[in-house]
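If you read the protein sequences in the order shown, they are chains A and B. In terms of our numbering, the first sequence is residues 1 to 247. In terms of our numbering, the second sequence is residues 1001 to 1462.
Please note that the accuracy of each hint is not assured.
To be verified - Only pairs whose alpha carbons sit at most 20 angstroms apart, straight line, appear in this in silico DMTMM-like list of lysine to aspartate or glutamate:
1. B:K1012 with A:D198
2. A:K234 with B:E1438
3. A:K144 with B:E1123
4. B:K1033 with A:D175
5. A:K144 with B:E1043
6. B:K1017 with A:D202
7. B:K1084 with B:D1114
8. B:K1453 with A:D198
9. A:K144 with B:E1045
10. A:K127 with A:E150
11. B:K1453 with A:E17
12. B:K1195 with B:D1099
13. B:K1033 with A:E150
14. B:K1453 with A:E24
15. A:K170 with B:D1029
16. B:K1195 with B:E1123
17. B:K1453 with A:D38
18. A:K144 with B:D1099
What the hints assert, rightly or not - Covered stretches of chain A, going by a simulated chain B footprint (3 or more residues, C-beta under 8 angstroms):
19. 95-104
20. 115-128
21. 137-151
22. 154-166
23. 225-237
In case anyone wonders, no lab produced these hints; they're calculated from the structure. Predicted model, so just to flag it, every value in this text is computed and none were measured. Ideal Cβ placement from N, Cα and C applies to all residues, glycine included.
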Amino acid sequence: MKVALFVPCYVDAFFPEVAVATLELLERFGIEVSYPLDQTCCGQPMANSGCHQEAAPTEALFARNFAGFDYIVGPSGSCVHHIRENLTAIPQTPEVQKVRQSTYELVEFLHDIVKVRELPWASFRHKVGLHNGCSTLRALHEAKSTEISEPAFSKPMDLLSLVEGIEFVKPRRADECCGFGGTFSVFEEPVSARMGYDKVNDHHGAGAEYIVSADMSCLMHQKGCAERLDLPIKFIHIAQVMNGARA
Amino acid sequence: MKRIDHAEASSKFIRAKDHIEFHDRRLWDLRQKRDRESEAIPEWEELRTLASAIKEHALSNLGDYLEQFELNAVKNGAHVHWAKDAAEHNQIVLDIMQDRGARTLVKAKSMLTDECEMRPFLENRGIEIMETDLGERIQQLDDEPPSHIVVPAVHKLRTDVARVFSETIGTDAKNSDVHYLAESQRQHTRPYFLKADAGMTGANFAVAETGSIVVCTNEGNADLSVNLPPLYIASIGIEKIIPRMEHLGVFVRMLSRSALGSPITQLTSHFRAPRPGTQMHIILVDNGRSERLGMDDFWYSLKCIRCGACMNTCPVYRRSGGLSYGATYSGPIGVIIDPTFNLRKYSSLPFASTLNGSCTSVCPVRINIHEQIYKWRQIISERNQLPMLKKEAMQVAGKVLASPKLYRAAVDAAGSSVEHLPRFMLYNRLNAWGRQREVPAAPSQTFRQWYLKNRSKERVES
Chain A
1 MKVALFVPCY VDAFFPEVAV ATLELLERFG IEVSYPLDQT CCGQPMANSG CHQEAAPTEA
61 LFARNFAGFD YIVGPSGSCV HHIRENLTAI PQTPEVQKVR QSTYELVEFL HDIVKVRELP
121 WASFRHKVGL HNGCSTLRAL HEAKSTEISE PAFSKPMDLL SLVEGIEFVK PRRADECCGF
181 GGTFSVFEEP VSARMGYDKV NDHHGAGAEY IVSADMSCLM HQKGCAERLD LPIKFIHIAQ
241 VMNGARA
Chain B
1001 MKRIDHAEAS SKFIRAKDHI EFHDRRLWDL RQKRDRESEA IPEWEELRTL ASAIKEHALS
1061 NLGDYLEQFE LNAVKNGAHV HWAKDAAEHN QIVLDIMQDR GARTLVKAKS MLTDECEMRP
1121 FLENRGIEIM ETDLGERIQQ LDDEPPSHIV VPAVHKLRTD VARVFSETIG TDAKNSDVHY
1181 LAESQRQHTR PYFLKADAGM TGANFAVAET GSIVVCTNEG NADLSVNLPP LYIASIGIEK
1241 IIPRMEHLGV FVRMLSRSAL GSPITQLTSH FRAPRPGTQM HIILVDNGRS ERLGMDDFWY
1301 SLKCIRCGAC MNTCPVYRRS GGLSYGATYS GPIGVIIDPT FNLRKYSSLP FASTLNGSCT
1361 SVCPVRINIH EQIYKWRQII SERNQLPMLK KEAMQVAGKV LASPKLYRAA VDAAGSSVEH
1421 LPRFMLYNRL NAWGRQREVP AAPSQTFRQW YLKNRSKERV ES
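Bound conformation, chain A alone:
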């Protein structure tokens, strides 16, 4: 299968180690991964601000970069959600539709397509709080949210449970939004920061040493909050944990 690595702009610029872990992890399963060098962004920042017209050229570039792959895999639930559900500022040619349908968030790709059942190289001997970003939780439906009456399930938890030595703590409001929300984080800064403070305090109160998530943008925001609050809590992307990071 032809797999392309989609590295969201903020991961490329700020968190290259997350992209490296994603690439290496996919390769551990014998997958040959291509990285289209002209990629930039999925268009979400503009589209979420209502600026479809401004998002269109970026979306078109995304579709061009990733045409022809069987799977497009990225370590970011919200970007993947944008591509799958909201990449609509450009004409929906069969090629564009194919790109949208073929785009997967890393966890669901490993869980549903690769069907990962063991991670023998991974060991993470820490107390961990799992943060499911809202796109991952409610839009991509990778786990049961507390609002919906349905049998419990969690794809990220299934995968993390394969990691040796990992211990989970349960925050009181596990699936409350952390307040990042893209441009919300700056244009609604007071509420955004307050939500972030509440989120990291909740995990800290539950005894988490690390907050782990498939959404690095949530973690970027939470990390900024925790550092400002001087909380002794660390942040790591789920790809890094699954790829064998020890701390």
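Given chain A, work out where chain B should sit, using these hints.
Coordinates of chain B only, in the frame set by chain A:
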């Protein structure tokens, strides 16, 4: 008309530490109770689907069901009036009262009358109005609009209520015991029920096949308002119609569970006909609803049964308070309804959301609230109602992100990228990011630079 600045208003709300903590905790408690109730009903998700289907059917045939309702209500002995907007509604209420020499009105909670700004209209014309719902009465005495559609004074602490009551109905300012306060309000309100010339309620449901009105309450004040005065007026938004009595059970099972996490309201009152010797008037109010019904993306908002579950679950609402929305309807449902009243005034509201989707998940009638919020943002942008700063930032971001060359120039500066990158990623509001948060440290190289160094020999793609 001045735009509502939700961010600024929320900032004030957050500064009141005790208030925001109580507000957040109280509403989250309702959300958790709602979860327990919904989880206890195995068919909860099917009920939501059914409720949604009934509402969509009723709205799709609204004209027919409204006429059926009118026919049956008139048969029952009620008078039916039609109001195309708030002004007509208020005038009809005034005319009904003045025709009968009525000067005092006891009323139960009704968001519709708030939407119509009925109280100041009537008060300016010599009508005395007593809100009889405890929360609504607190807000009336404090001269504030309700901050929540189910719990109107939820943003107040009991000490705030003690202050309001001591200044208005003469309670002991130092006594903030909730039983004392509630009993004081009760004693103060009782005489009005007996002397009032007219009583008023809204409606939770209006049943077309019976011409009857259903009002769900917890305090008994609606029943007193209807059953003591010689004149009863019910104001009903036209979207409250359900076709048949058999449909009511679907909604009654979900309404209070969604709202307060209780299985049912204390009272589910059916008002069908005037008591002998009295009059019953029903006002069917449009006030923008027909226009909304014609909006492809937004007519689903008319399914709303005003349970407030979306507000209770909304992390933004809980941390900014209902008054920060500057509108009759606040929280997620307000965000999608308010722009239909005034797009410019409420243009910041669809951005008072992280698009987390929790509102949609708890909505008992499956309104796709967060998707409508997303759509409103597009309309606000298309109609040039975005703040200039945001629009310009998006134009710059759109240009940079559409060009691999410009994008690389911005991010490949590596060590200094933090100076370039946030400028377009965070849209000239870096200060806002850094006010209460640390800025992420710039790594020594981007992923692409790492890739070119470590991998590109084997697998270059472009």
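Evaluated hints:
1. For the suggested pair K1012 of chain B and D198 of chain A, the alpha carbons sit about 18 angstroms apart, so the restraint of at most 20 angstroms is met.
2. Between K234 of chain A and E1438 of chain B, the direct Cα distance comes to roughly 14 angstroms. Compliance with the 20 angstroms bound is thereby established for this hinted pair.
3. Restraint check for K144 of chain A and E1123 of chain B: the C-alpha separation of about 51 angstroms exceeds 20 angstroms, so the hint is violated.
4. Among the hinted pairs, K1033 of chain B with D175 of chain A is consistent with the structure: their alpha-carbon atoms are about 16 angstroms apart, no more than 20 angstroms.
5. Taking the CA atoms of K144 of chain A and E1043 of chain B, the gap is about 17 angstroms. The hint holds against a cut of 20 angstroms.
6. Using a Cα cut-off of 20 angstroms, the hinted pair K1017 of chain B and D202 of chain A holds, with the two alpha carbons roughly 17 angstroms apart.
7. With a C-alpha separation of about 16 angstroms, the suggested pairing of K1084 of chain B with D1114 of chain B holds against the 20 angstroms cut-off.
8. Taking the CA atoms of K1453 of chain B and D198 of chain A, the gap is about 41 angstroms. The hint is violated against a cut of 20 angstroms.
9. Only pairs whose Cα atoms come within 20 angstroms are accepted, and K144 of chain A paired with E1045 of chain B is accepted, the gap being roughly 13 angstroms.
10. A hinted pair counts as satisfied when its Cα atoms are at most 20 angstroms apart, and K127 of chain A with E150 of chain A does not qualify at roughly 27 angstroms.
11. Between K1453 of chain B and E17 of chain A, the direct Cα distance comes to roughly 14 angstroms. Compliance with the 20 angstroms bound is thereby established for this hinted pair.
12. Note on K1195 of chain B and D1099 of chain B: the hinted pairing holds, with a Cα-Cα distance of about 18 angstroms set against a maximum of 20 angstroms.
13. The suggested pairing of K1033 of chain B with E150 of chain A holds, with an alpha-carbon distance near 17 angstroms, which does not exceed 20 angstroms.
14. About 15 angstroms separates the Cα atoms of K1453 of chain B and E24 of chain A, which keeps this hinted pair within 20 angstroms; it holds.
15. Between K170 of chain A and D1029 of chain B, the direct Cα distance comes to roughly 18 angstroms. Compliance with the 20 angstroms bound is thereby established for this hinted pair.
16. Straight-line distance between C-alpha atoms of K1195 of chain B and E1123 of chain B comes to about 17 angstroms, which keeps the hinted pair within the 20 angstroms bound.
17. As the CA atoms of K1453 of chain B and D38 of chain A are separated by approximately 16 angstroms, the hinted pair is consistent with the 20 angstroms bound.
18. For the hint pairing K144 of chain A with D1099 of chain B, the CA-to-CA distance comes to about 58 angstroms; that exceeds 20 angstroms, so the pair is violated.
19. A count of 0 residues in the segment 95-104 of chain A with a Cβ less than 8 angstroms from any Cβ of chain B is obtained; the coverage claim is therefore unmet, three being the minimum.
20. Counting residues of the segment 115-128 of chain A whose CB falls under 8 angstroms from any CB of chain B gives 0; the rule of at least 3 is not met.
21. Counting residues of the segment 137-151 of chain A whose beta-carbon sits less than 8 angstroms from any beta-carbon of chain B gives 8, enough to reach three: the coverage restraint holds.
22. Counting residues of the segment 154-166 of chain A whose C-beta lies closer than 8 angstroms to any C-beta of chain B gives 0; at least three are required, and the coverage claim is violated.
23. As drawn, the segment 225-237 of chain A meets chain B at 3 residues by the rule of a beta-carbon pair under 8 angstroms; at three or more, the given contact holds.
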